[in-house]
Amino acid sequence: MKQQIIDSKVNPNATGEADDCLFEYLHAELVNYVLSKSSNTAEGEEELSRLEWMGFSVGYRIIERLTREWSRFKDELDMIKFICTDFWSSLYHKQIDNLRTNHHGVYVLQDNAFRLLDKVGTSNSKQYLKESPRLLAFTCGLLRGSLANLGIISTVTAETTTLPSCKFHVQVQKI
Amino acid sequence: MSRTGTKLDAKKVNSELFTLTYGALVAQLIKDYENVEDANKQLERMGYNIGIRLIEDFLARTGSGRCYDFRDTAEKIQSGFKIFLGITPSITNWSPAGDEFSLCFETNPLTEFVELPDNCSNLKYCNILTGVLRGACEMVQMEIACWFVQDQLKNDNITELRVKFVKRLEDAIPAGED
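Protein chains in written order, with the numbering used here: chain G, 1 to 175; chain X, 1 to 178.
Honestly, the hints are just simulated from the structure, not real lab data.
Errors might be hidden in some of the hints.
[As the list claims (entries may be wrong)] Below, in silico cross-link-like pairs of lysine-lysine (BS3-like), each with a Cα-Cα straight-line distance of 25 Å or less:
{"#": "1", "chain 1": "X", "residue 1": "Lys31", "chain 2": "X", "residue 2": "Lys41"}
{"#": "2", "chain 1": "X", "residue 1": "Lys12", "chain 2": "G", "residue 2": "Lys37"}
{"#": "3", "chain 1": "X", "residue 1": "Lys82", "chain 2": "X", "residue 2": "Lys164"}
{"#": "4", "chain 1": "X", "residue 1": "Lys154", "chain 2": "X", "residue 2": "Lys167"}
{"#": "5", "chain 1": "G", "residue 1": "Lys94", "chain 2": "X", "residue 2": "Lys154"}
{"#": "6", "chain 1": "G", "residue 1": "Lys119", "chain 2": "X", "residue 2": "Lys11"}
{"#": "7", "chain 1": "G", "residue 1": "Lys81", "chain 2": "X", "residue 2": "Lys11"}
{"#": "8", "chain 1": "G", "residue 1": "Lys94", "chain 2": "X", "residue 2": "Lys7"}
[Claimed, not checked] So these bits of chain X aren't anywhere near chain G, every CB distance computed over 10 Å:
{"#": "9", "residue": "Glu16"}
{"#": "10", "residue": "Phe18"}
{"#": "11", "residue": "Asn40"}
{"#": "12", "residue": "Met46"}
{"#": "13", "residue": "Asp69"}
{"#": "14", "residue": "Asn155"}
[Said to hold, decoys possible] Which stretches of chain G does chain X cover? Using the computed rule of at least three CB atoms under 8 Å from a CB of chain X, they are:
{"#": "15", "segment": "51 to 65"}
{"#": "16", "segment": "89 to 98"}
{"#": "17", "segment": "152 to 159"}
This one's a predicted model, so the numbers in the text were calculated from it and none came from an experiment.
The C-beta atom is built at its ideal place from N, Cα and C for all residues, glycine as well.
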């Protein structure tokens, strides 16, 4: 499949481009805030549901604005493809690198250099692996919210083995 | 693969992502604190954390040196808004002593899509900005105070942010050096 690449970094001097780093700083503060409010569970897992919920509400709203002038999607796969290409490249500067599906409602979206992990530590290091779920919870919610407003009820989880690459697992719930 | 739909504008999307994320944060704070004053304080604190980092971006991008006086500072703050939010607030209402000025915003990307419900009338929705300014100025050895005088969300014509110079912070001298 040939895909068009929208490279938003063509002109780094353009105005408005700097909005980017604001989102990154704000996201960092969200994570900080949620951590300060949450108590660790017995297994040492952090309570990140607030972050996920914020992502959900952002995703639910933003997709409505983005798809307003878009032609109707054919099917579920078409929506997921939209998420992987246009949606992702507008939000995170690059497309999803790999999309896998079992054609029964499970999709795996792999990003080899996820924007929010890209500047964390040196690449391929395991130093901050433990902290990475914090940086992914918001985006999981964002995906879930976006899909929800497109009419797909799902659960989204994220997985990292080496930074800065990560996989988002989307499990569609059949009604 | 071709689509008949319009292409997404990455810049616009990014700015909307920022606006909506900020909105989600404010909503969460109000839910968590159940007290608008505490939410205001938390927003300021978060802004401060952002400001102390954002100043590095600003200095790296503009290559600007130290400010000669507070008027110079005002102009640099103005250009900071241009760079980061794409807006140019006007600088007005200088105090006679030249230590206080106002930034007036006709539009504000943070408040796009926002309406305040009645029970949040004390909420300073954009309070994060005051924190950002305070944090950024502190990193260049300047203590300022900053607050909102007018707010479009509260039916004022413009949003006015008042900035007051408090004092110069002195460089700490490393131990053992005179």
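Consistency of the hints with the structure:
1. X:Lys31 - X:Lys41: holds, 14 Å
2. X:Lys12 - G:Lys37: violated, 32 Å
3. X:Lys82 - X:Lys164: holds, 21 Å
4. X:Lys154 - X:Lys167: violated, 31 Å
5. G:Lys94 - X:Lys154: Not OK: G:Lys94 and X:Lys154 at ~39 Å, beyond 25 Å, violated.
6. G:Lys119 - X:Lys11: holds, 21 Å
7. G:Lys81 - X:Lys11: holds, 21 Å
8. G:Lys94 - X:Lys7: holds, 15 Å
9. Glu16: violated, 6 Å
10. Phe18: X:Phe18 not clear of chain G: closest Cβ-Cβ about 5 Å, inside 10 Å.
11. Asn40: holds, 14 Å
12. Met46: Answer for X:Met46: violated, closest chain G Cβ roughly 4 Å.
13. Asp69: At roughly 26 Å from the nearest Cβ of chain G, X:Asp69 sits farther out than 10 Å, so the non-interface label holds.
14. Asn155: holds, 24 Å
15. 51 to 65: Holds, because 8 residues of the segment 51 to 65 of chain G bring their Cβ atoms closer than 8 Å to Cβ atoms of chain X.
16. 89 to 98: holds (count 4)
17. 152 to 159: Check failed, 0 qualifying residues.
Violated hints, in rising order: 2, 4, 5, 9, 10, 12, 17; the structure is consistent with all others.
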